[in-house]
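**Q** If you want my numbering, it's the position in the sequence shown, counting the first as 1, plus 195.
Certain hints may be false.
As the list claims (entries may be wrong) - Pairs of lysine-lysine residues, derived as DSBU-like cross-links and limited to a Cα-Cα distance of at most 35 Å, are as follows:
no.	residue 1	residue 2
1	Lys-1041	Lys-963
2	Lys-868	Lys-810
3	Lys-1039	Lys-1089
4	Lys-241	Lys-574
5	Lys-352	Lys-463
Said to hold, decoys possible - So the derived label-pair ranges between C-beta atoms look like this:
no.	residue 1	residue 2	range
6	Asp-1002	Arg-654	44 to 50 Å
7	Tyr-653	Asp-536	22 to 28 Å
8	Glu-415	Lys-485	21 to 27 Å
9	Thr-804	Arg-654	50 to 56 Å
10	Asn-222	Lys-292	31 to 37 Å
11	His-651	Thr-696	16 to 22 Å
12	Asp-236	Arg-1086	37 to 43 Å
These are computed hints drawn from the structure, not numbers from a lab. Glycine is no exception: its CB is placed at the ideal position from the N, C-alpha and C atoms.
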Amino acid sequence: MKFAYKFSNLLGAVYRHGNLSFSRDGNSVISPVGNRISVFDLKNNKSETLPVSTNKNITCVGLSPDGNLAILVDEDGAAILVSLVTRAVLYHHHFHKPVNSVSFSPDGRKFVVTKENVALMYNAPGKNREFNAFALDKSYYGPYDETTCIDWTTDSKCFAVGSKDMTTWIFGAERWANLIYYSVGGHKDVIVGCFFEKDSLDLYTVSQDGALCVWESDTELDELRKGPKYSERKKMAEERKRREEEEAEEDEIEELGEDGQRRGEVIKGSAGAPEDVEGIKNVRYKQKSKHFFNKEDDFNNLTAAAFNKNTHILVTGFASGAFHLHELPDFDLIHSLSISDQRISTISVNPTGDWIGFGCSGRGQLLVWEWQSESYVFKQQGHFNNMASLAYSPDGQYLATGGDDGKVKVWNTNSGLCFVTFTEHTSSVTNVTFTTSGFVVVSASLDGTVRAYDLHRYRNFRTLTSPRLAQFSSLAVDVSGELVCAGAQDSFEIFLWSMQTGRLLEVLSGHEGPVSCLCFSPVQSVLASVSWDKTVRLWDMQDSWQTREVLRLTSDGLVVTYRPDGQELAVATLDGEITFWNPQTAAQTGSIVGRHDLQMGRKETEKITAKQSAKGKAFTSLCYSADGESMLASGQSKFVCIYNIKEQILMKKFEISCNLSLDAMEEFLDRRKMTEFGSLALVDEGAGDGDGVELGLPGVRRGDMSSRHFKPEIRVSSLRFSPTGRSWAAASTEGLLIYSLDTSLIFDPYDLDMDITPVSIRCQLKKKEWTSAIVLAFRLNETSLIREVLEAVPHDQVAVVSSSLPDVYVEKLLDFVASSLENSRHLQFYLTWAQNLLTLHGQKLKNRSGAILPTVQQLLKSIQRHHDDLSKLCDWNIYTIRYIKALSKQRGMKRMAADSLSEQEEEEEERGSVLMGSEDEEEDMMSEALIVN
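Based on the provided sequences and hints, a complete structural model is requested.
**A** This is how it looks when you write it as structure tokens:
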């Protein structure tokens, strides 16, 4: 089995903190999710999480105008420069203080960062290789409190900075003679947003108390005059310093900062406007008007704002979850709507002004609203609390998750989006599973119900309950999908229902502790249950539901699972061991001591060492691989372990997160934070997004921590291997993480020889020795070369080549076809290969069905996805053809009617001409008769 799994996507979380950004074309939205960023393609309805991460939660995202670069800044001020084209980290930089906002200039040459009470302007990194990608150009001082927001003029000549001191400062990106700095006030609360009018210095400022000020400038952008150069100002400052030291302190140009790096030019502003010098009239602002969002008796804090310069539309979000659309400068209300009961954290408008993105950190919501049609373009929300369990569908296309918020969500693994949410449960969902058909999801909850959901009609069609109230902590469904079992954690009983009738069939008693896990055998009608009473019981579902075997454990049982072929049973116990049993003979076949592999971290408030704390830790989730040779194991740790069952050794360990914003991430704590009064971690500095920050109540481990500020603890609550064997999923504190095989990093030759080279393989292709070329390509086992050889085979030779392949290469070729079919454009070609391989070698493959089951599942998944995509297109084309036919019939009838009318007119004309001819003949005869007379 290969272990080159790499992080591929993040599901279950769409937004956490920070600001949203639209791509240059406006069809994608970039959202920070913890210490990663996700890109949601709104046109193609897909999501992608970039394989880059910061050390802590991302708070600011700055996107370059061309959409190729992004600056990500975390809570501590550590920034990374990311290429959105190559998905690679280009540069690391630390600002040493928390950063409030980052903004590129419209021309892409500069970017401004606000931290504390200063705005720092850097030269944007270009296409040339540079040792220092962040070169500081100017430092702007002026505000007395923290700076909050930035906006640029359309020509990148000036920018405005809002502050918590209720003022807004306008600075020149270059040294303009008539605009160095300017300060405007007019507000009574924190500035939330400041926006320039298009091609103008006119300014709009919005404050948290719901006030909007319109500022009019007496100078146009093209009237800005350049001041003296930096070198000239430096000489003037040096001369002034020699003349008078007191005046020189205000105009001093400092060369080095606190970190020893070059600071560039420093511009220090003071309250009010600078005086006019040498007959140059400085830019002046006057307040044109002032408007208020909050009406009488309807006070609501304004939390976010965005302005589109092209459409002149201002979007404002409030703490109540409502948002308003106004047209400026007249402040005409266009639209008002409430989208959530939580505060709106961020707002972004796409370049065309049609779509508006909203982020609500309280609920983890991300919405994109089209205001003209008043409809949602995109609406996603993760689990409000921790994700407790997950399950793959049999074909690997869907993932079902259950959370502590009582919701069951179903995700599409291809698009990475949730397409249905079931909210019938009233308490935490402890377990979810699919039936073998793949169209029914079953969930168990602490509210005392087991519910079954239909994925065709998206409804809860069956609700199973116990005779007396019980909290269900485990769940299992048999292979046929007829029997549903749930274990109770308070009455120590197992309840058995019929899926068809919904009736309770039996209550299985025998355990003396809470039933922690249930699992049905995939080949027999046998149920395995594990409990805290240190036993595993095997129940025979065909023999009056009696106990067949009782397996004694060394410690409390936590998890039990069957191997895919049903010939082995794995159990995880509280002492950190994984034991393997033969379910037929009830004999132990092996064990793995994996407590030390978890490498438990220490919480910031813990007073014992990590080594001592690890003694009470164990694996809480187990899962066999698709081929049954390896096992995934995880627990209350940031690591996921893969073990080889036969050798009973650790093969690889995956670190699912490096986010230091989560608790229990580090094994060693900083002793400098320990004082005689306790840990400094108990003192939470700074204010959060809400009205204040408080500590979680003692003993509270899950939920909203009594609605107080808390630091979530890293853990993996559930693990599942995909039925295709090419990916696995982990439900963790960060969300639903998907790890997939990265075939580009694998070099795994098979029966390699010195004569097998790419040159020799291409020589066989030139000789049209197709079978030999395919065999040699698989022996070298390079993906690109195999694809080249396979696609060189003529279409009419596929059946002949398939029949002449050795048996060992048939499975390898079928596996390659299944993986290539998912993304290849040559759909018919690979389907022809698959059809011929399965037809000609079907009986031999059936004899080894257990080994090739993951390959068949992968093939089925790829074919099903293409079928779904093409069926929609074909259905659309069918309706279009029907419309065209109906239209042509209608036009044909009109033509027939027009032809009949024209024929009638021609007949009438002919009749008229005949009558006219007869009248002329009569007149001639009468005239001749008169002449004769």
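**Q** Hint by hint, note whether the structure agrees.
**A** Going down the list of hints, with the structure as the test:
Pair hint Lys-1041 plus Lys-963 holds up; C-alpha atoms about 31 Å apart against a cutoff of 35 Å. Of the pairs offered as hints, the one joining Lys-868 and Lys-810 holds, with about 25 Å between alpha carbons and a cut-off of 35 Å not exceeded. Taking the CA atoms of Lys-1039 and Lys-1089, the gap is about 63 Å. The hint is violated against a cut of 35 Å. Restraint check for Lys-241 and Lys-574: the C-alpha separation of about 12 Å stays at or below 35 Å, so the hint holds.
Annotation: proposed proximity of Lys-352 to Lys-463 holds, straight-line Cα distance about 18 Å (limit 35 Å). In this structure the supplied range 44 to 50 Å holds for Asp-1002 paired with Arg-654, their Cβ-Cβ distance being about 47 Å. Range check, Tyr-653 to Asp-536: Cβ separation about 24 Å, and the 22 to 28 Å hint holds. The given range of 21 to 27 Å is respected by Glu-415 and Lys-485, whose C-beta atoms sit roughly 23 Å from each other.
Against the hinted window of 50 to 56 Å, the Cβ-Cβ separation of Thr-804 and Arg-654 comes to about 52 Å, which satisfies the hint. A hinted range of 31 to 37 Å for the beta carbons of Asn-222 and Lys-292 is consistent with their spacing of about 35 Å. For the hinted restraint 16 to 22 Å between His-651 and Thr-696, the CB-CB distance of approximately 20 Å keeps it satisfied. At roughly 40 Å, the beta-carbon separation of Asp-236 and Arg-1086 lies within the given 37 to 43 Å, and the hint holds.
Checked against the numbered hints given earlier, the structure breaks only hint 3 and satisfies all the rest.
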